[in-house]
Amino acid sequence: GAVVSQHPSWVICKSGTSVKIECRSLDFQATTMFWYRQFPKQSLMLMATSNEGSKATYEQGVEKDKFLINHASLTLSTLTVTSAHPEDSSFYICSARNQHRLHLGQFFGPGTRLTVL
Amino acid sequence: KQEVTQIPAALSVPEGENLVLNCSFTDSAIYNLQWFRQDPGKGLTSLLLIQSSQREQTSGRLNASLDKSSGRSTLYIAASQPGDSATYLCAAEPMTTDSWGKFQFGAGTQVVVTP
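Taken in sequence, the protein lines are chains V and D.
With our numbering, letter number 100 in the first sequence gets 100, and the count goes up by one each step, no holes.
With our numbering, letter number 27 in the second sequence gets 27, and the count goes up by one each step, no holes.
Derived from the structure by calculation, the hints contain no laboratory data.
Just to be clear, a hint being listed does not mean it is correct.
Said to hold, decoys possible - With the Cβ distance kept under 8 Å, some of the chain V side facing chain D (calculated, not the full set):
id, residue
1, L46
2, P86
3, I93
4, R97
5, H103
6, G105
7, Q106
8, F108
No experiment lies behind these values; they were computed from the predicted model shown.
Each residue gets a CB set at the ideal place from its N, CA and C atoms; glycine is no exception.
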C-alpha cells in the first residue's frame with residue numbers, strides 16, 4: 001500500500017534555530033502534498049499546500065516566511081520552520097495522495113513532534 | 001467554509017459494548033469522508049474511506065455510514081475492546097477544485113474502553 005514517511009520523527013531545538021522536516025511518498029508520485037499542524041488536545045489544522053515545481057499556498061493566518069515549503073520532486077516536500085520559538089512546538093503531519101488512485105484517499109505521514117526550548 | 005463537528009468529545013464504555021461515534025459537516029459537497037484513529041503522541045491511522053457516491057463502508061468490526069444530504073457520518077465499532085481506546089477523527093474533503101485534497105478535520109472523539 002501507499003506509504004508516506006516523515007523525517008525526523010521528533011526534534012528538539014533551541015529558540016531561534018531553524019528546523020527542516022521532510023515528507024516523502026515512498027511508492028507513488030504526488031504533485032501535491034499537504035502540511036498540517038496539531039497542537040496538544042486539538043485537531044489537525046491545514047497549514048499549507050505544497051505544489052511540485054511551484055510555490056506553496058498557505059492557509060489564512062499561516063506565515064509563509066516562517067514556514068518555508070519546498071516541493072523539489074514528485075516524492076519529496078520539505079517544511080522548514082525558521083527562527084523557531086516555543087509557540088511553534090507542535091506535531092507536524094504531512095499527507096499526500098496517489099493522483100492515479102484518488103479513490104484510495106489521502107495517506108498521512110507518521111508526524112514530526114517539534115519541541116522548541 | 002466547511003466545518004466538521006464530532007460528538008461526543010469523549011466516550012467511556014465497558015469492554016464488549018458497541019461504540020457509536022458521530023460526525024457532522026456543514027457543506028454536503030464533499031469528495032471523500034475519511035475516518036482515522038490516533039493513539040496518544042502518534043500519527044493517523046486510516047480506518048475507513050467513504051467516497052461521495054457511497055453510503056457506507058465496512059472493515060471487520062468497523063462500519064461507517066455517510067448521509068450527505070443530512071451532513072452526517074457515523075462510525076460504528078462493534079464489540080469494543082480495550083485496544084480500541086484512542087481518539088477517532090473524521091475528516092471531510094471538499095469537492096471544489098480549489099479545495100481539493102484539503103481535509104477539514106473534526107476535533108475528535110476520545111474513546112476509552114475499560115476491561
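Quick rundown of the hints versus the structure:
{"no.": "1", "hint": "L46", "verdict": "holds (6 Å)"}
{"no.": "2", "hint": "P86", "verdict": "violated (19 Å)"}
{"no.": "3", "hint": "I93", "verdict": "holds (6 Å)"}
{"no.": "4", "hint": "R97", "verdict": "holds (6 Å)"}
{"no.": "5", "hint": "H103", "verdict": "holds (6 Å)"}
{"no.": "6", "hint": "G105", "verdict": "holds (4 Å)"}
{"no.": "7", "hint": "Q106", "verdict": "holds (7 Å)"}
{"no.": "8", "hint": "F108", "verdict": "holds (4 Å)"}
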